[in-house]
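Colleague: Turn these sequences into a full structure, and let the hints guide you.
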Amino acid sequence: MSRLTLATHFIRRELRERYRGSFTGFGWALLQPLLQLAIYAFVFVQIFKARVPGAAAPGYVAFLVVAMWPWVAFSDAVVRSTTALQDNAALIGKVALPREILVLAPCSASFLLHACGYVAILVVLAIAGQDVHIARLPLALLMYVPMFAYTFGVALIFASLQVFVRDLVQMLGQLLTLMMFAAPIFYDRANLPERFRSILDLNPFTFYVESLRSILLDYGDFPWRMFGVAMLTALLTLAFGHWLFRRLDPHFEDFL
Amino acid sequence: MSLLIEASGLGKAYPKAHRSADRLRALGRLLRGREDTDSQCVLRNVDLSIRRGESVAIVGENGAGKSTLLKLITGVLTPTTGQVKVFGKVGALLELGAGFHPEYSGRDNVAMAAALHGLEADALAGRLPEIIAFADIGDYIDEPVKHYSSGMVVRLGFAIIASLKPDLLITDEVLAVGDESFQKKCVRWMESYLADGGTLLLVSHSMYHAQKLCRHALWLSHGEVMQFGDVFEVTQAYLAWHERKQAKAAERSPTRSGLEFEVEEFQINGVGGNLAEVVSFGDTLRLRTAVRSREGRPPVIMFGIVRADGTPVYGVSSEMDAIEVRCDAEGRFVAEVEFENLSLLPGSYNVRAHAMDSEGVRLFDSEERGLSVRGASREFGMVRLAHRWLPPGADRD
Numbered sequence: 001m002s003r004l005t006l007a008t009h010f011i012r013r014e015l016r017e018r019y020r021g022s023f024t025g026f027g028w029a030l031l032q033p034l035l036q037l038a039i040y041a042f043v044f045v046q047i048f049k050a051r052v053p054g055a056a057a058p059g060y061v062a063f064l065v066v067a068m069w070p071w072v073a074f075s076d077a078v079v080r081s082t083t084a085l086q087d088n089a090a091l092i093g094k095v096a097l098p099r100e101i102l103v104l105a106p107c108s109a110s111f112l113l114h115a116c117g118y119v120a121i122l123v124v125l126a127i128a129g130q131d132v133h134i135a136r137l138p139l140a141l142l143m144y145v146p147m148f149a150y151t152f153g154v155a156l157i158f159a160s161l162q163v164f165v166r167d168l169v170q171m172l173g174q175l176l177t178l179m180m181f182a183a184p185i186f187y188d189r190a191n192l193p194e195r196f197r198s199i200l201d202l203n204p205f206t207f208y209v210e211s212l213r214s215i216l217l218d219y220g221d222f223p224w225r226m227f228g229v230a231m232l233t234a235l236l237t238l239a240f241g242h243w244l245f246r247r248l249d250p251h252f253e254d255f256l
Numbered sequence: 001m002s003l004l005i006e007a008s009g010l011g012k013a014y015p016k017a018h019r020s021a022d023r024l025r026a027l028g029r030l031l032r033g034r035e036d037t038d039s040q041c042v043l044r045n046v047d048l049s050i051r052r053g054e055s056v057a058i059v060g061e062n063g064a065g066k067s068t069l070l071k072l073i074t075g076v077l078t079p080t081t082g083q084v085k086v087f088g089k090v091g092a093l094l095e096l097g098a099g100f101h102p103e104y105s106g107r108d109n110v111a112m113a114a115a116l117h118g119l120e121a122d123a124l125a126g127r128l129p130e131i132i133a134f135a136d137i138g139d140y141i142d143e144p145v146k147h148y149s150s151g152m153v154v155r156l157g158f159a160i161i162a163s164l165k166p167d168l169l170i171t172d173e174v175l176a177v178g179d180e181s182f183q184k185k186c187v188r189w190m191e192s193y194l195a196d197g198g199t200l201l202l203v204s205h206s207m208y209h210a211q212k213l214c215r216h217a218l219w220l221s222h223g224e225v226m227q228f229g230d231v232f233e234v235t236q237a238y239l240a241w242h243e244r245k246q247a248k249a250a251e252r253s254p255t256r257s258g259l260e261f262e263v264e265e266f267q268i269n270g271v272g273g274n275l276a277e278v279v280s281f282g283d284t285l286r287l288r289t290a291v292r293s294r295e296g297r298p299p300v301i302m303f304g305i306v307r308a309d310g311t312p313v314y315g316v317s318s319e320m321d322a323i324e325v326r327c328d329a330e331g332r333f334v335a336e337v338e339f340e341n342l343s344l345l346p347g348s349y350n351v352r353a354h355a356m357d358s359e360g361v362r363l364f365d366s367e368e369r370g371l372s373v374r375g376a377s378r379e380f381g382m383v384r385l386a387h388r389w390l391p392p393g394a395d396r397d
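Protein sequences, first through last, are from chains A and B. In case it helps, the working numbering puts the first sequence at residues 1 to 256. In case it helps, the working numbering puts the second sequence at residues 1 to 397.
Hint data in this document are derived by calculation from the structure and do not stem from the laboratory. Some hints here could point you the wrong way.
Stated by the list, open to error - Output of the computed footprint for chain A on chain B, the stretches with three or more beta carbons under 8 Å from beta carbons of chain A:
#1 108-115
#2 118-124
#3 137-143
#4 234-242
#5 301-307
What the hints assert, rightly or not - Here are the computed distance ranges between Cβ atoms for each label pair:
#6 A:D167 - B:R29: 17 to 23 Å
#7 B:K165 - A:Y19: 34 to 40 Å
#8 A:P98 - B:G28: 37 to 43 Å
#9 A:V119 - B:G28: 43 to 49 Å
#10 B:L24 - A:L178: 19 to 25 Å
#11 A:A89 - B:T81: 20 to 26 Å
#12 B:D196 - A:P98: 40 to 46 Å
#13 A:V145 - B:D122: 41 to 47 Å
Keep in mind the model is a prediction, meaning the values are calculated, not measured. Each residue gets a CB set at the ideal place from its N, CA and C atoms; glycine is no exception.
Modeller: Okay, here's the thing in structure tokens:
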């Protein structure tokens, strides 16, 4: 119970910390991905003339939004969590506390903010006449649960390794860019040449992109064949992250 | 009484990892479940068991491992060898402003600290006025902590711990930062906390605080336990060790000579040397000094007693009492004074012998030694003044 209180405290602090001193406050949470989306939409729709393949295909903006927002939540959570232990070195050396919370806080904060943004932008798209199934929103948010488990697992791994290997955070940007383009976020599986398509299944994020598009846009079938693997991946990543963190936890203080 | 802390074979070593290659190697070793061999040992083989209601001072020079021991007990550090168990709620004041976020207001930080100590939000709401009153920092409570003076940070930190009423209170030399009135408030609070059965673990370089608040003491030196026992015995031994160390250093410095009047010997209750002495409250204290006079003129000899922090308690000279200083067989001038039924309250003092010129105007030489007064007394101050309580309704003249 007290752990829960403590976690809420840290999450609240994390949320306040991110937008402290900025005029729009939490508005940034919405504004930032919106701006990013505007750039991508312009580049892909106006310059590259991107089209979503298929007969009853949705507009490209809706197609992009549905996949990109969860990705932003994931990458934001991972980037911020990786340095979480390092940033809280002063606290770790002086106060006894369950340190997972220090990683949990930035992860949860990212997901909370970007899930809210997700709901907001989907509602905006629906009002603007895009073919978004708003009624299935709860179902879509349910997909966030295994996604969070997976993200938290990755965050635990990166945060604990970062304590020992400081180069990790430098490589992280490249790793995430690679992972982003290796998932069908900007394109569809059908855009790829046949022989590359199966590679997408190696990326854990592919499942979330395709399932959310199926749920919210009726685009493609729900990827049932990947469902079991995705759940298992999320669970195993979380379990491994937890194990690794536990293993290294007693030594964090020595290396910070 | 039940056991509160149990440590056995407790040790801590820090890895020597300066280069990033070392860190990588250390990571590999840890993942394979092997211990790091290349490490710096700061604490070795500490066995400790502390019962509920005990009060223990931890003394030792800088770098002796005091703070490391406290951090191991609070769980901030993980022991390299051995283990430590604490059977209760710990409230620790380890370092100045530990756990405070400088950008947030005092109020926010109190909420955070309370959460860190496992206090629910509604429980905190009830105690908040009490905390703010104890910290007594006025409107600063709503200012960011970065604008606080170090004294204010300690006030707030202590106020939080005080409100938590932990089973075990751990403080690490933080009291020294607060001002006089706050120190007194803290000491008073700790005394009532101890009276209510609380357990205290205190790191202090002030033997005065250690002796005042604690009944036992643990002396650490180079990461090992030198002595554990009664606070007076341990602090005496520790101070004596310090003095021996200083004396060794002094031997190397050129000896003073050629003074017109020189204190050659200073005995406390017949014991010479420069070690501290212990005397019981109410016993007899006898100070004796021998002064060498270069030209054979009789000096004025003065004895003084100061509190360990330097506050003068009493001083008297042979000239004030019109006492003639006599020569001994070796031609030294000897004066001896006796304080019968010693009224110094238990605590740490220094006694001094001064050699002055024949007119009692110029001070030529001084000698100082530690004096510890042992005894159980709950009176306040430095000396017991003769007093009697009057029955109600007694005639007053």
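Colleague: Look at each hint and say if it fits the structure.
Modeller: Evaluated hints:
1. Counting residues of the region 108-115 of chain B whose CB lies closer than 8 Å to any CB of chain A gives 3, so the stated coverage by that chain holds, three being the minimum.
2. Under the rule that three or more residues need a Cβ within less than 8 Å of chain A, the assignment of the region 118-124 of chain B holds, with 4 such residues.
3. Counting residues of the region 137-143 of chain B whose CB lies closer than 8 Å to any CB of chain A gives 0, so the stated coverage by that chain is violated, three being the minimum.
4. Counting residues of the region 234-242 of chain B whose C-beta sits closer than 8 Å to any C-beta of chain A gives 0, which falls short of three, so the coverage hint is violated.
5. Counting residues of the region 301-307 of chain B whose CB lies closer than 8 Å to any CB of chain A gives 0, so the stated coverage by that chain is violated, three being the minimum.
6. For the pair D167 (chain A) and R29 (chain B), the beta carbons lie near 19 Å from each other, so the given range of 17 to 23 Å is met.
7. Here the CB-CB span from K165 (chain B) to Y19 (chain A) is close to 37 Å, well matched to the stated 34 to 40 Å.
8. Hint check: P98 (chain A) to G28 (chain B), Cβ distance near 26 Å, so the stated range 37 to 43 Å is violated.
9. Taking 43 to 49 Å as the suggested C-beta distance range, the pair V119 (chain A) and G28 (chain B) conforms, at roughly 44 Å.
10. About 23 Å separates the C-beta atoms of L24 (chain B) and L178 (chain A), a value consistent with the hinted range of 19 to 25 Å.
11. A beta carbon spacing of about 24 Å between A89 (chain A) and T81 (chain B) agrees with the range 20 to 26 Å that was offered as a hint.
12. Distance hint check for D196 (chain B) and P98 (chain A): the Cβ-Cβ separation is about 30 Å, which falls outside the suggested range of 40 to 46 Å.
13. The given range of 41 to 47 Å is broken by V145 (chain A) and D122 (chain B), whose C-beta atoms sit roughly 29 Å from each other.
Consistency with the previously given hints fails for numbers 3, 4, 5, 8, 12, 13, ordered from lowest to highest.
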